[in-house]
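Since chain A is already given, all that's left is putting chains B and C on it; use the hints.
Line by line, the protein sequences are chains A, B and C.
End of the first sequence sits at 257 in this note's numbering; the numbers just go up one at a time, nothing left out.
End of the second sequence sits at 552 in this note's numbering; the numbers just go up one at a time, nothing left out.
End of the third sequence sits at 645 in this note's numbering; the numbers just go up one at a time, nothing left out.
The set of hints was computed from the structure by calculation and includes no laboratory data.
For each residue, glycine too, the CB sits at the ideal point set by N, CA and C.
Do not rely on the hints blindly, as some may be mistaken.
What the hints assert, rightly or not - Looking from chain B toward chain A, a few residues come up when the C-beta cut is under 7 Å (computed):
(1) K411
(2) C412
(3) A413
(4) C452
(5) V453
(6) V454
(7) G462
(8) R465
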Amino acid sequence: MIVAGIDCGAKNTKTVIMNDKKLLGKGMALTGFDQDKAVEKSLADALDEAGLKIDDIEAIGSTGAGMEDIKDAKVKVNEIKAMAKAANFFFPNARTVTDVGAEMGRAAKINEEGKVEDFAINEKCAAGAGAFIEAMARALEVDLEEMGPMANTSEMAIPMNAQCAIFAESEVVGLIHAKTKKKDISKAIHDAMASRIVSMIRKIGVNKDIVMIGGVGLNPGFVESMRRELDLEKIFIPEDPAYSSAIGAALLTLEEA
Amino acid sequence: MTDETKKEEFWRWTEANWKNPDMKLEDLKIITAGIDVGSVSSQAVIVGDGQIFAYGNMRTGSDSPESARNALNYALKDTGLHEDRIDYCIGTGYGRVNVPMADRSITEIACHARGANFIYGPEVRTVLDVGGQDCKAIRCDGRGKVTNFLMNDKCAAGTGRGMEVFADLLSVPITEVGDRSFDIKEEPAPVSSTCVVYAKTEATGLLRSGWEVNEVLAAYCSAMAERIYSLIERIGVQEKFAITGGMAKNKGVINRLMKIMGLEAMKTQWDTQIAGAAGAALFAHTLVERGKGRK
Amino acid sequence: MKANYGYKDGSGDFFISIDTDKCTGCGLCVEACPNGVMTVGEDENDPFSEDEVASVDETERKKIKYTCAPCKGEGKTEPCIKACEPGAINHSW
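Looking at chain A on its own, in the form it has when it is part of the complex (with noise of 0.2 Å):
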């Protein structure tokens, strides 16, 4: 059975075609103000990856912020099911998956069919969001994708006062004034954001292997410092980390279709 799934998030638009548990095929574009516009092209760019028609598609399965709004979703999953169930299906022996979006932070424990057994989410605060490292990228004047590769060359362990995005900004404009080197702020970020999300992780309890998925898995230097907080040895990431949502949406998708 051939079927879609759509993750709405509030930055990107991610969709993927599935040939019952085999990918075919995927797309992103940025969700801006206009998610139909979106859709239809993360929809286009995965149905060309797959070398499929829009007819071919049996069933859509929606899931993200946007969720709602996607009129030909025939299944809505709910966001902490969809990163269970794909973090399950990359990895069987987890038991902890977390996922860092744009404007959230979430936690789950799952059992070994990747059902969520309990969970944890922050939202509507940016501190604990992708949003925070992506404030602080600017205020750093260095690109988004830098901030990572550049934390992990530095050594130095600078603690941030600030929690809020908005403080943290201003905190980081006074350590760039002190001269303090941007790897060492950027590292400082990391840690800042991987310590609450870590937080956020031990109240629904640490399991050893602790799955990371969503885009941000992308970001080295904050796996480096999930990693370092947590006291692993590795944090597990599947492959294209960003698309993970959308296909735990086009597996459910496929049982409850």
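Positioned in the frame of chain A, the structure of chains B and C alone reads:
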């Protein structure tokens, strides 16, 4: 009551110093000082025998000790009073531990309550102070002793900084925010995001969908009023109610807040920005009276 | 005095309130807290009081939502609240 005005910016407050014309230096027995170093402004108040003798109010510089020094010099200017004559000095505010001439420091919560009791009179029971980087709500008794308080300095929503970020985004001078937020046809719904980062995104969306800048300002002033109200609600409002701090001068927020609360704020002849420093100086006076001052 | 330490941000209200009239300054909450959130010392908001009272450590006041998270969850009572014999401590969330 100011005899010197330097510059006018940010919340329409003016750097100023003042000396009480009814008090004579040579008559004073106990002289104490309170210095409040805030994130935006710093004040020094000189109290003589329990009455305000002089004060100075100026912008905070990049460094707390220097701001404290400047504020004190400004207060002492043209008073004939020399710093050595001060019997006891207390530092307060967010930079309170960095006031070099202070004999001790006391929290801004305690000092604000004590200062409000003096500048508004003993009938004040609830004090709201919205500063550059925090929002404080304090309940106090007839002696100016704190009975309940909260302070939010973690989140920029509901602080001067949050408003400043918004004014920047909309390219509106901060001093025009209040007036322009009322120059609208109809009061819009408040901006729904509390977080300033997300509220900025929301505002950008509103502008794209055709809202006028003044409407977005109104929506943000109203969101800020609701936000501040939700903080005061936690400690409960008891009349009489007073507002201090920089935000007290932004009527776009304050008028909307008073409408939500359905009451009127107390008025005073004093500059409300000196509340914290006045409280610190008054505490210093009591300590000296009780023999706990400087040896 | 009711001292409310913490904050409100977009994600909710996070205040630990301490009733200093009930607090005896015994320090059991400090021992009970696994994350060093509580502390005991002079009442910094009542300069003329000689009694020691509990408060939230200054370095923790802006992050208790996160620091206190491990002690929260269904069926759990926060150890600081459990340890306080006079019942002076309360969490808003």
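Consistency of the hints with the structure:
no. : hint : result
1   : K411 : holds (5 Å)
2   : C412 : holds (5 Å)
3   : A413 : holds (4 Å)
4   : C452 : holds (5 Å)
5   : V453 : holds (5 Å)
6   : V454 : holds (4 Å)
7   : G462 : holds (6 Å)
8   : R465 : holds (6 Å)
Violated hints are absent here; each numbered hint is respected by the structure.
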